[in-house]
Amino acid sequence: MGLFDKFRKGLEKSRTGLWGRLGGWIQGGKIDDTVYDEMEEALLAADVGFDTAIWLVEQVRRAQRQNRVTDPKELPRLLMDAMVDALSGPDPQMHFAESGPTLMLVVGVNGVGKTTSIAKLAHYYQQQGKKVILAAGDTFRAAAIEQLTEWGGRIGCDVVRHSQGADPAAVVFDAISAARSRNADLILCDTAGRLHNKANLMNELAKIHKVAERELPGSPHEVLLVLDAVTGQNALSQAKVFQEVVNVSGIVVTKLDGTAKGGVVLPIVRERQIAVKWVGLGEQMDDLEPFDARAFAQAICSYADEAE
Amino acid sequence: MFEGLSSSLQKALGKLRSKGKLTEEDVQAAMREVRLALLAADVNVKVVKQFVDRVRERAVGQDVQKSLTPGQQVVKIVHEELTELMGGSAARLNMAPKPPTVVMLVGLQGAGKTTTAAKLALSFRKHDHRPLLVAADVYRPAAITQLQVLGKQIDIPVFEMGTSVDPVRIAQQGIAEATRLGADVVIVDTAGRLHIDEQLMDELSRMQQAVTPNEVLLVVDAMTGQDAVHVAETFHEQLSITGVILTKLDGDTRGGAALTVRAVTGCPIKFTGMGEKIEPLEVFHPDRLASRILGMGDVLGLIEKA
Ligand SMILES: Nc1nc2c(ncn2[C@@H]2O[C@H](COP(=O)(O)OP(=O)(O)OP(=O)(O)O)[C@@H](O)[C@H]2O)c(=O)[nH]1
Ligand SMILES: Nc1nc2c(ncn2[C@@H]2O[C@H](COP(=O)(O)OP(=O)(O)OP(=O)(O)O)[C@@H](O)[C@H]2O)c(=O)[nH]1
Ligand SMILES: [Mg+2]
Ligand SMILES: [Mg+2]
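Chains as they are written, first to last, in my numbering: chain R, 10 to 317; chain B, 1294 to 1599.
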């Protein structure tokens, strides 16, 4: 099942949502302020946030005037185009080392799906023939190391680990030497979940980043910020602080197999110019897909499709 | 963001300062700011709408208390209504007339159930109970080990049966084990699940029928956005939850999901989680969260002084 279908499946089960009500304004017959108010409200109900909701509605209004659109059935399409536009700015490519191992750091607040996303990425790249090493850089949370180790076993890749309470930077250091001696292509570094408002934990992350930079010049080649699709406006603050501390190069949006639409990604991409690179669609290792702006927008606006 | 809204709120309300009576337009302007504050805090749009309507009704035409400016009066009404919506005073846990008391923790993936299970056990022990933790998450890699590690940290027994047994049976056996150990509280940690996952939701229903828990607590991440309404609605429909625990309030989220969940389920928020360290849970204070949701702690401070 593709992203679109999974998304749709989630949506079908959540008709009580405002998105479900959008059907209302495309049947109304006339394009007026009420229609745009409904659109704004629907966007707010998808976690798009006030500023971006207003902005998107303005984009649609402008496109409608410019193209002399009179049929409200066209509006969802215009809205979708505006979303795709907003999401397509930054470069969605993954970056790799020109030679030697590539190192990716995976960061985010607690429980968003970092460790699981690492397992999915490891599986994805192993399938492409790359040799992957996992670095158990969460030395803090209870059984975080065991969790990653179990994933490593399932996927069939090595896990570099220290004991609980060890310095995570030292784990990364060891993973780099292990990757060199074992000729690995890719090091995926797990990190402990941390709230961005905790300065000491953010400093620790900066230190991990610095060690990677020093021990493997050119790295980290990717710093992926994991965001839970169910998160509301706080994700903006997460993106801002993580970007400042470790220079985030891409976003993974997880748990899109639920009913949450991950709409907060829109203001993040728009304001911070960080590309969404992957979406997580379940708890298994193959529940990961490259981000597709159109599918994402289309899934959110699936009513548009149904109206055809 | 916090300070920004707080000051814009003050500014909007400040305009009302010189008035002796609040007119419709005065209140309209203030309500716009309140609406924005609630939306920025992730309170559900529908809930925001209803809420703002109610406050408007109360505020318009009301004579202003001598000690307050009209603006402060509106803030006071908003704060009162928010506090009321979140359940007024703190709620208590239902205890079994005949032990053991059984508590099931349920919720979405990563919400903080396992961590909260340990914290809750510690809270019970503080009140001279003898809790037992039951590891009924057989899906997430190392979920059982996680609970065991936490149990060991705080010296509370953990019952597990591995990962190839039906979680319903684990919960049942957990109660038998509690009786054997002389534990009077059983806390069941369940796997995270999506509210639309029929199979896993059904597993919870079966567990509930099998162990007739005294409390089914929905663990909700305070950072949750608008979807909190679906999540709470569905969990409540299927399990008749008895309360909510709000986690990760040590972050800078304003926690509007709490208001949504409360409004949708009518269930009280019983505790809050404030960190990763295993410490007893904090009792929920509706008034404090009300200030936080509005991002206007300092405004309230001013009113209290008035
Ligand atoms: N439904 C669904 N669940 C997911 C997805 N990604 C992760 N999860 C689940 O979310 C929970 C948390 O995932 P983890 O990978 O442990 O999250 P984390 O960010 O590493 O958590 P911490 O290390 O504790 O901060 C687990 O139960 C995962 O199975 C997803 O895309 N969809
Ligand atoms: N900062 C903070 N982190 C918390 C809090 N409660 C839990 N966490 C963290 O959130 C992450 C997820 O917590 P868990 O207890 O594993 O969540 P869960 O609901 O059991 O997750 P699943 O079993 O995968 O569904 C972990 O990193 C915890 O340390 C809290 O109140 N504050
Ligand atoms: Mg992790
Ligand atoms: Mg758990």
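Among these hints, one or two may not hold up.
What the hints assert, rightly or not - Derived lysine-lysine pairs resembling DSSO-like cross-links, with alpha carbons at most 30 Å apart:
(1) B:1339 x R:82
(2) B:1445 x R:82
(3) R:219 x B:1570
(4) B:1445 x R:249
(5) B:1570 x R:216
(6) R:207 x B:1445
(7) R:39 x B:1342
(8) R:39 x R:140
(9) R:39 x B:1445
(10) R:140 x R:216
(11) R:82 x R:39
For the record, the hints were derived by calculation from the structure and aren't laboratory data.
Each hint, compared with the structure:
no.	hint	result
1	B:1339 x R:82	24 Å, holds
2	B:1445 x R:82	60 Å, violated
3	R:219 x B:1570	27 Å, holds
4	B:1445 x R:249	37 Å, violated
5	B:1570 x R:216	22 Å, holds
6	R:207 x B:1445	26 Å, holds
7	R:39 x B:1342	24 Å, holds
8	R:39 x R:140	58 Å, violated
9	R:39 x B:1445	65 Å, violated
10	R:140 x R:216	26 Å, holds
11	R:82 x R:39	10 Å, holds
Going down the numbered hints, you'll see the structure goes against 2, 4, 8 and 9, while the others check out.
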